[in-house]
Amino acid sequence: MSKYFIEGLSEFWASKTSKMGLAFLLIIIIISMYTLFTFPLDYGTRYWNNPKYWADNPKIAMPEWINLFVGNKFLEHNILSTSTIQKMYPSGAYYIKTYEIVYDLMADQFPTFITLKFDNVTFFSRPPTIEVLVIRPDNSTINLYKFVVEPPLSTEEPPYSRYVVEPKRIMLSGEPQLSLVLSNFLLDKYNLSIDPKDVAEIGYEKVIFGEPYENGFKPLKGKYVFTTTLYARDVRDQIGTVSIVIGGQVYGLMGTDILGRDLSQGLLFGFPVALLIGIVVSVLTTIIGATLGIVSGYVGGRVDEIIQRVCDVMNNIPQLPILIFLTFIFGGKLWIIVVILVLFGWPSLVIVVRSMVLQAKSSSFIEAAISVGASRWRIMIRHVFPQVAPYILAQMIFFTPSAILAEAALSFLGLGDPSIPTWGQILEYGFRNGAVFLGYWWWVVPPGLMIVFSAITFVFIALGFEPVINPRLRRWR
Amino acid sequence: MGLKRALTLKAASLVVVLLFVLLLTTIIIGATGISDKILNGMVQDNLRAIRQELAREIRNPEDLERALEKIKEDLIRSYGLDKPWYVRMPDMIWRIVTLDLGNSRTVVSFSGSNKISDIILERLPNTVLLMITVLIINFALSLMIGVRVATKPGSFLDRLISMYSAVSYALPTWWLGILMILVFAFYLKIFPFGGMYSTPPPVDPLVRSLDLVWHLCLPVLTLVIATSGSWIYITRSIVITTAQEDFVSIARAKGLSERIVLWRYIIRPAAPPILTNLILSLAAYLGGAILTETIFSWPGMGLLYFEAIMSVDEALILALTYMYTLIYVIARFVLEVLYVIVDPRVRYA
Amino acid sequence: MRDSLLELQEVRTYFYVRKGLFKTLAVKAVDGVSLSINRGETVAIVGESGSGKSTLGRTALKLVEPTSGKIIFEGKDITNLSSEDLKWFRRKAQMIFQDPYTSLNPFMTIKQIIEEPLVVHGFDAREREERVIKALEDVRLLPPETFLSKYPHMLSGGQRQRVGIARCLVLEPVFIVADEPVSMIDASSRVEILLLMRSLQGKYGIGMMYITHDIATTKYFSDKIAVMYAGKLLEIGPSQRILKEPLHPYTVALIDAVPDPDPHNRFRLRRVVTGEPPSPLNPPSGCRFHPRCPYSDGMKCVKEEPEMIEVDMNRKVACHYIEKIAGK
Amino acid sequence: MSLLDVQKLMLYYKTSRGTLRAVDGVSFSLGKGETLGLVGESGSGKSSTAIAIMRLLPRNVELYDGRILLNGVDISKLSEKDFREKIRWKKISMVPQGAMSSFNPVLKIGFQVAEPLMVHQNMRKPETLKKVRELFKLVGMPPDYVDRYPHELSGGMRQRAAIAMALILNPDIVILDEPTSALDVSIQAQIMNLLKNLKKELGLSMIFITHDIALASDICDKIGVMYAGQIVELSSSENVLLNPRHPYTQKLIASIPRLREEKMPEFIPGAPPDLVSPPSGCRFHPRCPYSDGMKCVKEEPEMIEVEDDHFVKCWLHSGGSK
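Residue numbers (numbering that gives the first Met the number 0), protein chains in the order written: chain A, 0 to 476; chain B, 0 to 348; chain C, 0 to 327; chain D, 0 to 321.
Among the hints, a few may not be true.
If you want a taste of the chain A side facing chain C, the calculated C-beta under 7 Å gives, among others [to be verified]: (1) 13; (2) 174; (3) 372; (4) 385.
Note that these hints are calculated values from the structure, not bench results.
If you're wondering where the values come from, they're calculated on a predicted model, not measured in any experiment.
All C-beta atoms in this analysis are idealised placements derived from N, C-alpha and C, irrespective of residue type, glycine included.
Pulled out of the complex, with its shape left as it was, chain A reads as follows (with noise of 0.2 Å):
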């Protein structure tokens, strides 16, 4: 047995579609590992889901690499952040901190939007005020936010931190206060009289970065200081953290989605999981349908009949609705819809291994090791196995890939498990979205792609696993 079947492994390897088999199964299980280990296991509910952990994300961004194939270059996002304090001075009752960002506007493209983000805020006594102000390439100046910081509560102790669990978001392009600023500056700068509501229908960030030009504006290149100035009264008041989010029009290696969640991180989720639920219900289902296979071919009788007839039932019914319906009834959990998996995957395996056995059964073979008074179990073991083992192996091969694509089918209806990114819930938060009829294909093509190279993985391999299966197809010397 060893022997030949090493050289039923040597057939295997020596196919090339195995070998490309082989290479991007090493690939996925290397990214599903680099995911195991970088992720947490309650990423979904921790960080997908969670809209807030992407809000500082552009929505529907291209990726990054789109650059590298267009003329003009799309603006690429940015967070920009200090902790330094550039310079410190008391005047009057205040103690005046303040931070500098540098931000150089170098695309001919506005930034999407601007946010500005404050970390850790501590204060001793009153609250402080804090005011936010950008310097532009033409050394202009407009004054972009100002807030004072919440008080304090009766019940506080000092010193009191602010904006530590959750920074303090400030979306500058929905600010209402900013268009009146903009419109200021326009009349001052530019003599230009724009009504403050037209100034917001235009978009702030056309005004922020750039300047009039023939009916419209344009980008203006160059440094732009973002200086954040902390009005304290006690001299050990500071701001942990400034943020500056430049929003652009690409982001990550993969985009993001109209969440403004990074894709590539669902993308990579989603390798272990196609890994698992194809691995895990292969697996059950193909021992589940060889044992019952075997037993049904081999015991024969009364038990052969009765599974005869429920597979004959199983095998008969469409499998898509049922599994539409089950899911839905049972609700999307990854190991409902493991379990609905296996229970209609396994019949097709009985019939086809019970009629191998009992091929095998008939073959003079088994008759002789009969003869010579050899056991059931022996038999068993020994010669009816071996013949149907390396099929019984494809077999799970092969259901691999039709698991990974169930899955994402079930997902993409809407009835996947919702804590777990899947590549056929992006697609269907994208399909849901319109990312089909609006063009945003790299939200949509991507996940596509990964169910069909994982699913087109085991099917490689399951080719070349047939001269295994089959030795006549074997080259002999």
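Following the hints, complete the assembly by docking chains B, C and D onto the known chain A.
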């Protein structure tokens, strides 16, 4: 005669399948309390209608409430809601069979009815149209290409087809549909994004049917690309095997032309095994059709499924599961009949 | 009966097949066969396909359970023994199979195949090794060492059949059923295998049941011939006698059907039996041969089943008109 | 002039292991009303010879060469279309080995037998079926079997139908490729008797291919003994059977267990050669008791006429070492 008996046996086993699915679904919805939910919904629907009617006759609100309470009890009794679910099971099965599942909460038929049977019957022809078109194209393709490839095993085209069938096995139909829309509808703009007719639909019958064909193109293309690979490959394998049979070389020895040999001695005897494989791939194909409808907003039962899931409409999902099983069983039976017709060995066995 | 090794008494082996939903039909593969085989003796079972000869062989080895009748081996009734109680019998009785391509497990080496009976019967490794080598020498697969690690597909048909015989011999059996051992082997090697079997049988004093459709080979490779037709024996007796003067009309036709290589054959027609062998599902009434028998009277032959009558020393025939036919 | 004259026929196949020389220079002739037996073990090239004559070449043919003269006309030079329309079944028909697999399972037997009439003579179906019924009677089949499907017939009946099919166009030559090897002995004898009757009544010319030289003696006027793709001895049945000159023929005849003679059969040690790499010189030399180890190993003997119309391909008779 054997023919009748063979078909009766097939029909019987398919009826068992149908019954099994019915039993399975009713037990599940019974045990999980969903059947209560559905029936309660029906009671409420009825009550609402009756309340409007009664309100015209009974002016006193208290009397009205009392009368309604009584009617409600009657309704609960008539729907069997006072009894446990397993007692109502036969009733429930009958309800599913007749699609008497009350009203959909969210979906309305094109003619405005929200009765489930109306909605489904309206969608059914659209689904059947899509499925049969693809079926015919697939069949023609697998015969044309499969036979062609089978005459040159090992050729470049042959290897291409093998590769294609492997890839199409790993290709989710619905994702392919998304790609198709992106390419042909979004970027190239030569086909519509989805639906069955343009809005507004053309009035002229000829234009209307052309419009339909135009809308049919992408979903059909998607399904064909995703499923024809395995069909062609199976046909090829069977034709190759058949072509090696002794009777084929005898037919050649008889001086028959290659055309007759091909059709009468290769394709004709290969028909039964090809049909068998067709029967086996029917289920996968049905699943593909459901998802394709969803992608292309094809107003058939598959899209309805999606809508029902999105709006958590249990009664509708139940009815659709039954309908799809029914379609599958009927399609199986039609193929079995065809099989018996093409294979004389079954007829006289 | 002196030195009787195996005795079959009125053995019947039926198989049941389901026809449709409810009907069950009995295939009467073996239908009342009595036969005895002595030590060191070869009995040839001759018959056409469907005559039940293979089933008879398998029943004698208890590979198939007989429906009724008795199987007595070395004086012990083994008809109803469980497989546990049969272990001693399995050691003494072996089988050689028809198809050398399917009778060897393709996943096992020649050594593993031949030593399997020894493993089953608990021999230690050293004795196994010795016996395997000896068996290979016995079947003249020489030198034995070169064959040990080979796989069946690397051997020719004749060599495979020798492996099958070697597997038979390792347990030093006293009884062997050889089921058409040469029908799938090249013509030039057939005689070689048969001679090998014959010499081994003589050397070890093995009783053998030689099942064949080719009555010509029985002349040199059997002591007794039993002719089987539709599950029943029609004639049994010493080989030379039967071949020289067959009594049953069917035996006569069987012998006539075998040509010797004689150029004059082509100028004469052979005596043949008309019609075709009956289906074992629905055998003819009375004498099973009557629809094809030139002597059938259409009365007694159709209604009554003929008894096996001893016509001569050790010679039995089942025919109503045997005296009339023999007298002719 | 003989009816069929085959000269230096060659048929090589491409296989993964190399070129397989199935037929390697086979020559013979067949007279009118004559039956030639081609006898040899499996793999000796006898069936490939039939395939080569009917030009039913599989895809992996590497070399197909030689002359096949039918009534003096070289039919191997005909175009594919002419060969199909003029020769196949009209002039040469065949009865294949596997009775079951030689009929299309989904067409009725009668139709398949009658088909050559419809195709070659443009006859209408009812007429042809009438002819088939008559033919069925001739080969000992109930005429109403025309409406049956192949699987409804027993092996013997299918073989009779195959014979009827071969006779339907009154061909000059019928090639019978192991027509009885799949049949039971009693049925085999029936079929052989039928063939003998047909030979006598219709004056058929036949090529009878078999591995069983005793069976060949039952019908053949001439016998060609094949070994490793070549004919090693060719002569009348009398010469070959009673006075074999080639060592292989002698051994082959000696290996037959005989019912009517007291002679212990012998066997030929060794196995038939692999046709991908056949032995050098005389292909039989590794198994031949007379091999001289020199010339036999190195040089291939020519086919020579040792006596009138008795050809042998052996150095024993070629004036070499005696």
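Do the hints match the structure? See the list:
no.	hint	verdict
1	13	violated (18 Å)
2	174	violated (77 Å)
3	372	holds (3 Å)
4	385	holds (4 Å)
In the structure shown, a violation is registered for the earlier hints numbered 1, 2, in ascending order.
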